[in-house]
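> Each chain is listed here by its residues.
Protein chains: 4
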Amino acid sequence: MANTIELEQIKSLLPQWVEESRQLAVQGKVAAYIPELAKSPRDTLGIYIMDTAGGSVAAGDCSFSFTMQSISKVFTLIIALMEHGEAAVFSKVGMEPTGDNFNSMLKLELVAPSRPFNPLINAGAIAVTSLIGGDSPHERSSKILQFFRLLAGNDTLDYDLDVYQSESDTGHLNRSLAYYLKDKGILNDNVEDVLDIYFRHCAVKVTCSDLARMALVLALGGIDPSTGKSIIPRRYVQIAKVFMTTCGMYNASGEFAINVGLPAKSGVSGGILSIVPGRYGIGVVGPALNKKGNSVAGVNLLEKLSGEFEWSLF
Amino acid sequence: MANTIELEQIKSLLPQWVEESRQLAVQGKVAAYIPELAKSPRDTLGIYIMDTAGGSVAAGDCSFSFTMQSISKVFTLIIALMEHGEAAVFSKVGMEPTGDNFNSMLKLELVAPSRPFNPLINAGAIAVTSLIGGDSPHERSSKILQFFRLLAGNDTLDYDLDVYQSESDTGHLNRSLAYYLKDKGILNDNVEDVLDIYFRHCAVKVTCSDLARMALVLALGGIDPSTGKSIIPRRYVQIAKVFMTTCGMYNASGEFAINVGLPAKSGVSGGILSIVPGRYGIGVVGPALNKKGNSVAGVNLLEKLSGEFEWSLF
Amino acid sequence: MANTIELEQIKSLLPQWVEESRQLAVQGKVAAYIPELAKSPRDTLGIYIMDTAGGSVAAGDCSFSFTMQSISKVFTLIIALMEHGEAAVFSKVGMEPTGDNFNSMLKLELVAPSRPFNPLINAGAIAVTSLIGGDSPHERSSKILQFFRLLAGNDTLDYDLDVYQSESDTGHLNRSLAYYLKDKGILNDNVEDVLDIYFRHCAVKVTCSDLARMALVLALGGIDPSTGKSIIPRRYVQIAKVFMTTCGMYNASGEFAINVGLPAKSGVSGGILSIVPGRYGIGVVGPALNKKGNSVAGVNLLEKLSGEFEWSLF
Amino acid sequence: MANTIELEQIKSLLPQWVEESRQLAVQGKVAAYIPELAKSPRDTLGIYIMDTAGGSVAAGDCSFSFTMQSISKVFTLIIALMEHGEAAVFSKVGMEPTGDNFNSMLKLELVAPSRPFNPLINAGAIAVTSLIGGDSPHERSSKILQFFRLLAGNDTLDYDLDVYQSESDTGHLNRSLAYYLKDKGILNDNVEDVLDIYFRHCAVKVTCSDLARMALVLALGGIDPSTGKSIIPRRYVQIAKVFMTTCGMYNASGEFAINVGLPAKSGVSGGILSIVPGRYGIGVVGPALNKKGNSVAGVNLLEKLSGEFEWSLF
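Line by line, the protein sequences give chains A, B, C and D. Using UniProt numbering, the letters of the first sequence map in sequence onto residues 1 to 314. Using UniProt numbering, the letters of the second sequence map in sequence onto residues 1 to 314. Using UniProt numbering, the letters of the third sequence map in sequence onto residues 1 to 314. Using UniProt numbering, the letters of the fourth sequence map in sequence onto residues 1 to 314.
It is possible that some hints are incorrect.
Using 30 Å as the maximum straight-line C-alpha spacing, the simulated DSBU-like pairs for lysine-lysine come out as follows [said to hold, decoys possible]: (1) C/K184 <-> C/K292; (2) B/K229 <-> B/K143; (3) B/K107 <-> A/K107; (4) C/K291 <-> C/K107; (5) C/K184 <-> D/K292; (6) C/K107 <-> A/K291; (7) B/K39 <-> B/K229; (8) D/K292 <-> B/K184; (9) C/K184 <-> B/K107; (10) A/K11 <-> A/K107; (11) C/K229 <-> B/K107; (12) C/K205 <-> C/K11; (13) D/K291 <-> A/K291; (14) A/K184 <-> B/K291; (15) B/K107 <-> A/K184; (16) B/K292 <-> B/K205; (17) D/K107 <-> D/K291; (18) A/K184 <-> B/K292; (19) A/K291 <-> C/K205; (20) B/K107 <-> C/K291; (21) D/K184 <-> B/K205; (22) A/K39 <-> A/K229; (23) C/K107 <-> A/K29; (24) C/K292 <-> B/K291; (25) B/K184 <-> D/K229; (26) D/K107 <-> D/K292; (27) A/K39 <-> C/K184; (28) A/K184 <-> C/K292; (29) A/K107 <-> C/K291; (30) D/K29 <-> D/K143; (31) A/K39 <-> A/K304; (32) A/K205 <-> A/K143; (33) A/K184 <-> D/K107; (34) C/K29 <-> C/K107; (35) A/K29 <-> A/K229; (36) D/K39 <-> B/K184; (37) C/K184 <-> A/K29.
Just so you know, these hints were derived from the structure itself, not from any lab.
When you get a sec, could you build the whole thing from the sequences and use the hints?
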């Protein structure tokens with residue numbers, strides 16, 4: 001009930017806030033490290049919010065589609081946990097924020113054993129992806145895509161093959177990380193197979209409403225809002241929320257926790273998936289990134305919402 | 001009301017849980033880097049819980065007194081924020097977890113500018129301490145001690161002068177950090193003055209009930225439970241809770257967030273201050289530390305409590 | 001003339017010195033990171049010395065054959081210099097010792113641009129190998145092998161295909177380095193092609209006399225002792241000698257310069273190529289390695305020789 | 001005899017070469033980290049060469065006086081070796097180049113034990129200085145100054161007290177290094193005492209002819225050219241030459257070895273001491289430094305000399 005009233009308030013405020021936040025996009029840069037990403041228009045900004053009672057509100061460029069990139073790491077972690085349990089997953093990847101760049105190799109060399117510090121940096125996400133089983137790389141990728149479709153409630157979700165190809169062609173730093181992990185016994189798989197699966201799940205194309213729906217499942221503690229059935233064990237949702245809070249926004253996660261205070265995960269495409277536990281699933285996109293790699297306008301918009309409606313967990 | 005029932009349950013379960021967790025102390029080691037600390041008995045374990053309705057429960061070695069050590073950093077941060085505001089404080093210290101040891105110099109050299117990553121690592125805490133003003137080192141230390149007394153509701157709180165002296169005599173790594181910060185312009189103060197203030201607030205002697213009372217103020221969003229008055233702005237309590245969650249337990253903070261899920265801060269003396277926001281302030285002590293520097297038995301006990309009563313923020 | 005007298009002295013002393021140095025082999029370990037290498041007998045020790053007047057002396061296990069490993073890096077550097085000149089080569093690789101392990105990635109990430117610090121660490125040697133041209137990987141490998149045969153005066157020099165295969169199958173850390181360099185634009189080649197060429201030249205099988213003959217060409221400033229013709233420009237021999245002196249013995253190069261004082265390059269197979277400029281070419285093998293990766297007995301034997309006959313450059 | 005002819009050639013060429021090299025000074029910057037140093041005129045360039053037969057040649061600004069800075073480290077190492085022998089000295093400091101900046105703390109934290117990598121980086125030089133004994137800091141400093149006077153054949157050599165004071169007031173990074181070493185047990189002394197001695201020997205004021213005379217003693221293998229007596233054991237001269245070659249020019253030592261090929265040590269004041277073993281002692285000064293901290297014009301001038309007269313050791 002209270003939720004419904006708040007949603008009405010959001011509806012009335014959001015269009016203007018989107019326009020205000022959009023002005024900040026000029027401060028950021030669209031990611032250029034994958035050639036395909038560089039084509040996104042800089043001043044795009046869209047947001048979609050779903051509440052647990054079935055309501056929703058959209059504002060800005062909600063028809064804009066983009067690839068999930070690092071946002072997918074939250075859900076591949078969940079798949080790996082559902083397949084293997086905590087002990088197996090955390091034997092391959094740690095639980096700690098790093099303070100380093102998402103593609104850094106420093107701690108792999110400096111801290112023995114060479115286990116990636118957490119599942120949301122690239123090294124950790126590659127290690128987690130390698131745990132997701134199947135008879136072939138194709139089958140393993142399919143399993144991931146099917147799960148993403150289920151979470152988004154959208155059977156048409158698919159890869160952006162141009163981005164996938166672009167990333168596969170130029171992803172040499174990820175190859176370097178993967179071979180390092182292979183050398184250290186963290187990754188037992190064929191490296192190119194794992195990278196293919198990894199590049200594919202990063203290249204799943206979504207809109208803000210897809211992200212909001214995926215977030216809503218987390219906001220509901222793992223319950224599918226369409227069927228009321230649990231599709232993710234609550235414990236794994238909890239683990240995902242911790243990682244989103246401590247390292248979901250690259251090495252600006254601490255700042256985001258202070259200024260927004262919500263579990264969230266950003267991607268280099270400018271997307272952000274965030275949740276207000278028990279209440280909302282949120283999808284945002286704004287391709288212009290700040291120096292830490294997060295959407296300038298998107299972070300600003302979430303800060304306004306969280307501040308106004310006191311959503312912070314803290 | 002629900003709180004009261006839960007407190008009764010805790011009362012009945014806690015004594016046995018303390019004995020169970022105490023068994024784990026043999027896995028840990030009492031800190032030896034400050035000679036005075038090494039004298040603590042390894043199998044000590046005490047806990048004190050205060051609820052927001054005025055109830056409380058104690059178990060184990062609650063008369064054991066120990067120094068606050070790093071736990072004091074939460075409150076010197078709050079004093080600095082109250083004196084200077086967010087902008088000034090965060091120009092000297094960052095908001096991000098590091099993944100490095102609490103006394104590491106790596107990021108100071110590797111990441112420009114050489115601003116400590118957060119206020120809970122030693123470099124950051126020293127930078128924060130230097131912001132706390134006063135006409136003399138003595139006056140600055142007094143101000144801190146008075147605030148700690150107010151929070152603990154205990155006018156007799158004072159320094160353990162043996163620990164203070166021991167730390168002052170052997171704290172060369174902290175001297176090294178402080179001179180590094182001085183060189184980089186983060187610290188403008190006289191280095192030995194700042195270190196004296198820093199070593200003093202680390203050496204304030206408390207028991208579990210003192211910690212629980214200090215925690216209770218945070219659990220109440222900054223309200224003094226005796227007077228009902230706000231003694232810390234809610235926003236600064238929020239900031240403190242974020243840092244306690246993302247980097248309060250050294251580089252096991254991520255693991256603690258997953259397994260316990262409460263804002264907490266540990267000290268090398270074996271103390272842990274933790275809060276259940278809106279509900280409880282908790283003080284724990286168990287001097288035997290694990291490899292990451294946290295109380296083995298204390299963490300285990302908090303994990304049982306949080307698991308049983310579903311206290312996790314996540 | 002003086003040389004001839006000295007060579008006679010060496011002949012009389014060497015057999016006993018070899019036996020004395022051989023005793024030290026128990027302090028070392030045979031390299032295990034390439035499975036094939038682990039098969040070498042630990043107490044093997046051989047040495048072959050050629051003088052510029054055509055004389056020679058051998059002692060110990062001179063029929064033992066082993067792979068060149070890192071020793072080959074000296075000569076691929078020379079080939080690259082002969083093909084492209086100093087400016088081109090040193091745009092891809094630096095001139096400085098690192099103090100890090102031979103396979104470290106730290107400085108690649110920490111020091112911009114990500115140019116390997118020198119041509120004798122793995123990253124640098126891979127970058128140098130990529131500069132050696134040809135119509136196909138096979139042709140590029142052949143060119144290297146032919147040059148090695150010319151230097152050794154031995155047309156039968158060839159790959160140890162078991163070692164090559166073993167290294168190719170397990171060389172994931174080198175793959176990681178190569179993809180890192182590819183990402184940074186240091187390496188423009190196909191990574192697997194370069195690695196194939198690299199693994200092959202590391203796997204060229206030699207005996208001590210082959211190494212001594214290769215060293216003799218360097219000792220003669222680039223002159224082929226058989227024909228009297230210059231086969232390496234003197235300037236490139238000079239550059240090779242500098243790198244052998246400052247970083248030829250991994251991160252024990254400084255210690256070797258102090259205790260032996262000769263340009264030298266060691267390999268993980270236990271081989272060492274060393275020169276007394278203008279006078280001797282020396283090949284040594286002793287598979288038991290110290291912690292820094294150099295032959296325990298081989299280093300000891302060179303130290304005795306250099307000390308007794310005052311060969312140090314310094 | 002040959003030496004005499006060469007010296008005549010140098011005399012005729014040097015004035016023009018000095019003017020040519022002086023043009024390069026605009027590419028460099030005078031060191032600013034010590035306020036006093038920043039006052040040096042940028043286009044100063046002087047050189048003084050002494051040969052082992054008693055001849056000498058000077059060109060450029062040879063009356064310009066400057067502080068020895070890091071050049072002094074070569075001679076404090078020699079004093080420590082003469083007092084304690086190799087084993088004691090190398091238990092406190094290593095023998096390896098680092099590739100890091102001269103004031104870096106990285107390897108102290110990353111490589112156990114925290115022994116400075118070599119005696120020519122700041123951490124290592126401070127450790128070496130602490131080994132030089134005496135009843136008081138004053139006496140220890142006097143001993144060093146007396147030795148410098150003996151080497152320079154100049155009884156008036158003294159401290160530049162302005163530079164000493166400036167360095168003492170602002171040398172917080174050296175304080176940080178020293179306290180780090182104190183914490184790790186490398187330095188057992190009182191930190192401020194050691195730093196006082198260190199800052200003093202860095203602040204000894206010389207001209208090019210002083211440096212040339214000091215260098216000449218090394219070129220003679222430790223023989224005092226005035227008395228013909230050995231004042232430094234040959235073995236310690238050898239050790240000094242190795243360090244000058246592998247790490248005398250900061251992290252451009254490898255490049256200098258390739259392009260010049262002489263043992264040398266530079267200082268942040270723009271001085272360079274270099275030797276042609278058995279033949280010349282050389283003192284150079286040019287305060288405009290390149291990015292690696294070496295005199296732009298001075299290095300260029302040495303490169304011309306070494307190239308023309310084939311002085312390279314390699």
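> Regarding the pair C/K107 and A/K29, is the alpha-carbon distance no greater than 30 Å?
holds, 27 Å
> Compare the distance between the alpha carbons of B/K39 and B/K229 with 30 Å, and conclude whether the hinted pair is satisfied.
Roughly 40 Å between the alpha carbons, so the hint for B/K39 and B/K229 is violated.
> Does the structure keep D/K39 and B/K184 at a Cα separation of 30 Å or less?
With a Cα-Cα distance of about 22 Å, the restraint between D/K39 and B/K184 holds, given a limit of 30 Å.
> Is B/K292 within 30 Å of B/K205, Cα to Cα?
Roughly 23 Å separates the two Cα atoms, so the pair holds.
> Next pair to validate is D/K184 with B/K205; report whether the Cα-Cα distance is within 30 Å.
holds, 28 Å
> Please work out if D/K291 and A/K291 have their alpha carbons no farther apart than 30 Å.
holds, 27 Å
> So if I understand the rule, the pair passes when the alpha-carbon distance is 30 Å or less; does C/K229 with B/K107 pass?
Measuring from Cα to Cα gives roughly 54 Å; hence the hint is violated.
> Does the alpha-carbon distance linking C/K184 and C/K292 stay inside the 30 Å limit?
holds, 29 Å
> Holds or violated: A/K291 and C/K205, Cα atoms, limit 30 Å.
violated, 51 Å
> Would you check the hint for A/K205 and A/K143, treating anything up to 30 Å between C-alpha atoms as holding?
Holds. A/K205 to A/K143 sits at ~16 Å (cutoff 30 Å).
> Does B/K107 pair with A/K107 here, judged by a C-alpha cut-off of 30 Å?
The hint holds at about 12 Å.
> With the threshold set at 30 Å, check whether the alpha-carbon distance from A/K184 to B/K291 stays at or below it.
Status holds; Cα separation ~23 Å.
In summary, the structure is inconsistent with hints 7, 10, 11, 19, 22, 25, 30 and 35 from the numbered list given earlier, while agreeing with the others.
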